[in-house]
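Each protein sequence line maps, in turn, to chains A and B. Using the numbering used here, the first residue of the first sequence is number 1, and each one after it goes up by one. Using the numbering used here, the first residue of the second sequence is number 1, and each one after it goes up by one.
Note that these hints are calculated values from the structure, not bench results. Hints may be right or wrong, so weigh each one.
[What the hints assert, rightly or not] Only some residues are given here: those of chain B computed to face chain A with a beta carbon under 8 Å:
no., residue
1, Asp39
2, Tyr42
3, Glu51
4, Ala66
5, Ala67
[Claimed, not checked] What follows is a set of in silico ranges between Cβ atoms, one per label pair, in the way DEER data are often shown:
no., chain 1, residue 1, chain 2, residue 2, range
6, B, Asp13, A, Asp9, 47 to 55 Å
7, B, Glu110, A, Pro276, 57 to 65 Å
8, A, Gly350, B, Glu90, 44 to 52 Å
9, A, Arg150, B, Asp13, 24 to 32 Å
10, A, Thr87, B, Lys65, 29 to 37 Å
11, B, Pro119, A, Glu182, 51 to 59 Å
12, B, Leu125, A, Gln104, 38 to 46 Å
13, B, Asp13, A, Thr115, 37 to 45 Å
14, A, Pro97, B, Glu90, 31 to 39 Å
15, B, Lys65, A, Glu119, 26 to 34 Å
16, A, Ala59, B, Gly55, 52 to 60 Å
17, B, Glu77, A, Ser322, 25 to 33 Å
For each residue, glycine too, the CB sits at the ideal point set by N, CA and C.
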Amino acid sequence: MPFIPHTEDDTREMLAAIGADSLDDLFDEIPKELLIDSLDGVPEGLTEMEISRLMRKRAALDGAPQCFIGAGAYEHHIPSVVWDIATRGEFYSAYTPYQAEASQGTLQVIYEYQTMITELTGLDVSNASLYDGASGLAEAALMAVRSNRRAKSGRILLAPGVNPRYEQVATAIAGSQHISFERLPKNSVSGNAADDLDAGDSPVAVVIQQPSFPGTLEDVDRLTDWAHANGALVIAVVNPVSLAVLKAPGNWGSEGADIACGEGQPLGVPLSSGGPYFGFMTCKQKFVRQMPGRIVGRTTDLDDQPGFALTLQAREQHIRRSKATSNICTNQGLMVTAATIYMSLLGYAGLRQVALRSQQNTAMLVEKLLALKGVERLYEGPHFHEVALRLGQPVADVLDALAKRDILGGYDLGDALLVCATETKTAADIDAYVAAMDEILNTGDRLSA
Amino acid sequence: MTDLPGDLMYTNDHEWLRREDDGSVTIGITDHAQAALGDLVYVELPEVGQELDSGGDMAVVESVKAASDVYAPIAGEVIAVNEELGDDPEKINADPYGDGWIVRMQPSEEIDESALLAPNDYQTLLDEEDA
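The following block holds chain A by itself, in its conformation from the complex (with noise of 0.2 Å):
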């Protein structure tokens, strides 16, 4: 990126040639009683010096602890040519430039991007991302409504093992638009659904997770056919990474499922306390037209040379308005970029590597675990990187005393801890963990350490 000066000069200039007085008045549309003059921890106006040592003292506030959080999020080891190439001036903007077909290589990077993540899912199309996974499965539950209208209901059914984040966002965005979101029945013993399932009247699509929130492997093929016999569409939600060892979501079932979206962070996005992430999404061919976002195709010019160019744009906000398929674009451009190059590198053969060894880890992690007095597991059952286990003591108090002892030994599910162990983590850092949970659990003194 190279440095744009900004003068007061510049400023003033360019407020002339719009007619404005002040850089105020850009904002006047804004209601006066929206603004506000501060937010919280964000001082105003500090010199680059002081912004600096700031920021260095808050980040050392985090420490350098041993991450065993999953829960949606997932630390992996990033190479570093990953993000070298990703912030180089040509590819790091977020968003697909204005005469998007003027930068053919930034189209290519998306083009090659779609055409990894739909070899992943095992469906024909995919976008060019969403804003991230919970914001996906809205966008996945408006998108089956708008192909699915023969159910005329707006009832979307969960699978237990959906994400309950995904669950609130998706109500927030899609909740006021005729669409009601029910959860399925659980089996207490595997965590997955029920083995008796009643459809109820005309469900539109079936969310079903894999691997599951708590961690477990749900029957995708049994509730794919159930979904499909009761006239409603599957829309996959899917660990990209899994993916290297797991079922596709176009494999799943008699008919696969017809909608996949996921978060994509995994794929050489950092975990950065939360954000920006990305979501991926892709369908079926025949639901294409209903996808929301910006699709990247390819092509061949006048002169029968090869390129890319933006295709389908007729469904979206500046041509549809009110009735685009969506307001979303291309936002999470550099993270796709940075997931495009990370699989590139890591190949087939890489990604399942990194997907085969967190599993490995999390396995050995939770043996271990499992051999210290009061623990058991959650659910019973096959797992990928996760697992739900029941410590016999209050979970967050267990977690405060892991974390005095730079430890984040999980995710909190309230009657159960989340544990996931990556490739990150070597052998002696699960013995150390295990070690530190034995000392809590069983000396009586977990508060104190």
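We have chain A already, so just place chain B on it with the hints.
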């Protein structure tokens, strides 16, 4: 010069209507409309059995450069849709008043012809738009 069959009724939104012998009404977009849109790539059709109000969303015609709503010119029930447009939307470009028909409706009330245009009135509308 745009093609304008004399036995049809027209609307301000560049649609045409034909009364069939059985009392139903066939609806499409005019030759002028298809020419303005350019090559069509997709047509979104309503469901057979759907009840539409006059002025309600009936279909969407999409070309490479624009997507336009087609509104129901009358109130009634959709009794047939031109399924062939699914595979071949360019039928509308090739034959807007024939193979390119879009929807057939059964009117739910007497058609208000004063809200529609006779061929010469529609021609006047086109002349004014050109002017």
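Hint check:
Nearest Cβ of chain A to the Cβ of Asp39 of chain B: about 12 Å, over the 8 Å cut. The hint is violated. The closest approach between the C-beta of Tyr42 of chain B and any C-beta of chain A is roughly 6 Å, which is under the 8 Å cut-off, so the hint is satisfied. Taking 8 Å as the C-beta contact cut-off toward chain A, the hint placing Glu51 of chain B at the interface is violated, the least distance being around 12 Å. Because the closest C-beta pair between Ala66 of chain B and chain A is about 6 Å apart, less than 8 Å, the hint holds.
Hint status for Ala67 of chain B: holds, given a least beta-carbon distance of 4 Å to chain A, under 8 Å. With their beta carbons about 51 Å apart, Asp13 of chain B and Asp9 of chain A fall inside the hinted range of 47 to 55 Å. Look at Glu110 of chain B against Pro276 of chain A: about 59 Å separates their beta carbons, and that is inside 57 to 65 Å. A hinted range of 44 to 52 Å holds for the C-beta pair Gly350 of chain A and Glu90 of chain B, which are about 45 Å apart.
Between Arg150 of chain A and Asp13 of chain B the CB atoms are about 28 Å apart, so this pair conforms to the stated range of 24 to 32 Å. The given range of 29 to 37 Å is respected by Thr87 of chain A and Lys65 of chain B, whose C-beta atoms sit roughly 35 Å from each other. Judged by the Cβ atoms, the range 51 to 59 Å given for Pro119 of chain B and Glu182 of chain A holds: they are separated by roughly 54 Å. Between Leu125 of chain B and Gln104 of chain A the C-beta distance comes to about 43 Å, which sits within the given range of 38 to 46 Å.
Remark: the range hint 37 to 45 Å for Asp13 of chain B to Thr115 of chain A is upheld by a beta-carbon distance near 41 Å. The hinted window of 31 to 39 Å between Pro97 of chain A and Glu90 of chain B holds, with their beta carbons roughly 32 Å apart. Taking 26 to 34 Å as the suggested C-beta distance range, the pair Lys65 of chain B and Glu119 of chain A conforms, at roughly 31 Å. Checked against the given bound of 52 to 60 Å, the beta carbons of Ala59 of chain A and Gly55 of chain B, roughly 59 Å apart, stay inside it.
Remark: the range hint 25 to 33 Å for Glu77 of chain B to Ser322 of chain A is upheld by a beta-carbon distance near 27 Å.
Going down the numbered hints, you'll see the structure goes against 1 and 3, while the others check out.
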